[in-house]
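2 protein chains.
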Amino acid sequence: MSEIIEPRVLKGFRDYLPEAEIQRSALMDVVEKVFRSFGFVPIDTPALEYAEILLGKGGGETDKQVYRFKDHGDRDVALRFDLTVPFARFMAEHVDELYLPFRRYHMAKVWRGENTQRGRYREFMQCDFDIVGTDSAMADTDIVLLIRDAFEALDVGGFKIRINHRGLFNRFLAKLGVEDQSGFILRTVDKKDKLEEGALLPLLAETIGEAKAALVLDYVEPAGSYIETLAKLEGLAGGPGPDSERLRLIHEAFVASGIALAWNDAATGNARSDAEILVLDPGITRGLDYYTGVVFETRLDAMPEIGSVCGGGRYDELASLYTTKKLPGVGAAIGLDRLLTALEALGKTSGKAGYSDVLILYIEDEFASRYQQFAALLRRMDLVAEVFPDKRKLGQQFAYAEKKGIPFGLILGSSENEKGILTLKDLRNRESVEVASISAAAEAIRERLGT
Amino acid sequence: MSEIIEPRVLKGFRDYLPEAEIQRSALMDVVEKVFRSFGFVPIDTPALEYAEILLGKGGGETDKQVYRFKDHGDRDVALRFDLTVPFARFMAEHVDELYLPFRRYHMAKVWRGENTQRGRYREFMQCDFDIVGTDSAMADTDIVLLIRDAFEALDVGGFKIRINHRGLFNRFLAKLGVEDQSGFILRTVDKKDKLEEGALLPLLAETIGEAKAALVLDYVEPAGSYIETLAKLEGLAGGPGPDSERLRLIHEAFVASGIALAWNDAATGNARSDAEILVLDPGITRGLDYYTGVVFETRLDAMPEIGSVCGGGRYDELASLYTTKKLPGVGAAIGLDRLLTALEALGKTSGKAGYSDVLILYIEDEFASRYQQFAALLRRMDLVAEVFPDKRKLGQQFAYAEKKGIPFGLILGSSENEKGILTLKDLRNRESVEVASISAAAEAIRERLGT
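Those protein sequence lines, which keep their order, are chains V and C.
Every number in our numbering is 1 more than the matching position in the first sequence, counting from 1.
Every number in our numbering is 1 more than the matching position in the second sequence, counting from 1.
Treat the hints with caution; some may be incorrect.
For chains that are exact copies, the list does not tell them apart, and a pair is met inside one copy or across any two.
Said to hold, decoys possible - Straight line, CA to CA, 20 Å or less: simulated SDA-like cross-link-like pairs of lysine to any residue: (1) Lys193 to Glu306; (2) Lys34 to Asp338; (3) Lys71 to Arg9; (4) Lys213 to Gly414; (5) Lys110 to Phe14; (6) Lys110 to Tyr122; (7) Lys404 to Arg9; (8) Lys12 to Gly74; (9) Lys65 to Asp77; (10) Lys71 to Arg113; (11) Lys12 to Phe70; (12) Lys192 to Glu207; (13) Lys353 to Leu101.
Think of the hints as simulated: they come from the structure by calculation, not from any bench.
The task is simple: from the sequences and hints, build the whole structure.
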């Protein structure tokens, strides 16, 4: 016999066993439903692309995390490391076959050879949604409303969507005479939550002096409500402008659409108001140079320490690397892995190991065909039914059902056959009832499941 | 301005634009629902694995189609080229955390650097399902019943599941004294449909002589019904055995479960009988050495030329490369790409470009918040609603709706506002109606959509 190869996955990669995959897939189903409800459509792009496309022409040494290699045709190729770059390439290539504004979502895997010590995986699911081809504040609003609906649907408890406008911030910095340091300041402020108390001021002061650093620190402090904060920022930035006007429009439309939803909140006993969900937080800047307008982040009230679970913003040019056509847009990404971690910590995972409602136990060979027939009938009644395929001790078959979380067992043995009945066993409490037919069994199952 | 990089995908790769992705995702949803209804659970494995795992120790030169390279840690890695090998590794690694029999499905992408001239892609979706850890004929039956339910649900018209047993075939070959040539004969017979009329006999005769070749040719001809063919094969192979008994059991259970489904066939006017769906075809052998028991293929009545759209079989040892534990099983794979091609050719694709039911047109800036509110309300009524984000000419907004296949437009302009009404426009026939509220609009939309 040949030597056994040790079964193992690469460092930083993982298998999804059924329970984890069922949880992930349920999460994605919820999110996808919300995407669709806002008129977003799905696309897909290849996992593998020209390295030049993914990294840009100067990308030779820039990204050591990227899986890059020569293919059979000696082409320089790479695995995508995000969904934004492929989307930019996609829009540049297909914009004439499509229409604008284009609302797309894309849930797919990306790969990064990152250091795995921080508990990050080298393969993970990205979940992006964007509206491209419009500069409208209503598109920004759509993204924010979608985030709200998604997190409401995900049932993760309270959450806040923090929004800010980089243009307004830059207007303030210009007034302060430090617009040249804008990139540095925005990136530094973005790290605020990761720094120790009091560490931000000296960091900024080093470059722009203590007095201006103190003014920046004052700017990034919210001043109560969304509207109050907006008034403060407008004041500090030299008065109203298109940037602050946009923040006002988004808030107005957000709150208006929230009123529409009030009856639902009442029905679910979820009393938080929409005004509390959307927060104007001048400290949110998102580090990326890419963003030019509004930016946002989403945090769970119960788990602020895991950071943002959905962030994004507005950009002027999605695809300037690949086309001269101007494609402004706005979008965000949901951090599925963080969200799964959060759900687990909050005890909100289903723990579901399978979908089966009922196991048809295998008692006698002579009834094998009838077992299959029972299962087929139950499936037609929209129950998930499976036949245990082997004649094993009942204990073994019950143990199987338990591991898989199957709530019911259906038994046809010789004694049931003589009596012309079936035994339905609730495997959660070991109660048995006799039923006269498959329809009766289905009805009893439904009743006990409360469906 | 820097030079533009030409946006393009690698040869053999493709983008999925919304219409194609919506179609593919609808297909996968249907299939997934059937998988779940039989108690199958999803898993996922990494796209990238150790090359040794995917190719085996002797794999150095064997598979030129595989995308294989050195990663950052100088590990010899490869992209998976199917889902069977990763599943074998998965089972060897996790069998103690799971339970047996284990029913899993896995729908995911695989990569093969194949010659693309035959219209094949280098990246494609595989769709596998298996029951591992049992040698039972009932597991074989489950796979066949699942195939039937899946193709019924896919609504592809008539289809045949062709089944055979390689053990029975081998018994016949042993009786003929050519068991040493079994591998060659099975592989040759498997090509039957691709050969010209009359070409099979000389091919076989070269190796086993004309007389025996003629007997093999007789063996692979069905003899009428399943039961008649089974009797013929049993006769030629030297009488009944566990192999022919298994074929009988599968047929019996299949037909029994078919009767259960008869009411549905009657309801849909779909009069074909289950006996016609499952065909015993001794010419089906599946080329792979991997299979040891039953094998099957599925063809669409309307498109036999595209070949099998779902094939598989029983194997003795799934994971012998990675574990000494014996893991017999049975499984099959649906050819999603072929199926999509077939659906297109049969005019059965939806042609759906999006999910939106209604576009809220953007007429006046002052109503922007109300447009968002309308959309939010409609979504709460389970309609898919989107707001056009910019104030554009109505013609442009209608053109957008048309490209996206949105059936309704909802209009609030100054005149509607004065009258206290909304205009609902059926964009398919340009008919307009006045409605007094969003609820009334939703009702009118539902009525016209027939939902």
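With 20 Å as the alpha-carbon cut-off, assign the pair Lys193 and Glu306 to within, between, both or neither. within (13 Å within a copy, 64 Å between copies)
My question is about Lys12 and Phe70: at a cut-off of 20 Å on alpha-carbon distance, are they close within one copy, between copies, both, or neither? Classified as both: same-chain Cα gap 19 Å, cross-chain 16 Å, threshold 20 Å.
At 20 Å max between alpha carbons, let me know whether Lys71 reaches Arg9 within a copy, between copies, both or neither. between (25 Å within a copy, 17 Å between copies)
Within a copy, between copies, both or neither: which one fits Lys12 and Gly74 at a CA-CA cutoff of 20 Å? between (28 Å within a copy, 10 Å between copies)
If the cutoff is 20 Å on CA atoms, where do Lys71 and Arg113 land: within, between, both or neither? Let me know, please. both (17 Å within a copy, 14 Å between copies)
Measure nothing new, just compare the shortest in-copy and cross-copy C-alpha distances for Lys213 and Gly414 to 20 Å and report within, between, both or neither. neither (84 Å within a copy, 48 Å between copies)
With 20 Å as the alpha-carbon cut-off, assign the pair Lys353 and Leu101 to within, between, both or neither. The answer is between: 17 Å across copies meets 20 Å, while 41 Å in one copy does not.
Treating 20 Å as the Cα threshold, decide for Lys110 and Tyr122: within, between, both or neither. both (11 Å within a copy, 19 Å between copies)
First find the shortest C-alpha distance between Lys192 and Glu207 inside one copy, then the shortest across copies, and answer within, between, both or neither for a cut-off of 20 Å. Only inside one copy: Lys192 and Glu207 sit 16 Å apart there, 76 Å across copies, limit 20 Å.
Could you figure out if Lys404 and Arg9 sit no more than 20 Å apart (CA to CA) within one copy, between two copies, both or neither? Neither: 24 Å inside a chain and 48 Å across chains, both beyond 20 Å.
One pair to classify: Lys110 and Phe14, alpha carbons no more than 20 Å apart. Within, between, both, or neither? both (12 Å within a copy, 16 Å between copies)
Which holds for Lys65 with Asp77 at a C-alpha limit of 20 Å: within a copy, between copies, both or neither? Answer is both: 15 Å inside a copy and 17 Å across each meet the 20 Å cutoff.
Checked against the numbered hints given earlier, the structure breaks hints 4 and 7 and satisfies all the rest.
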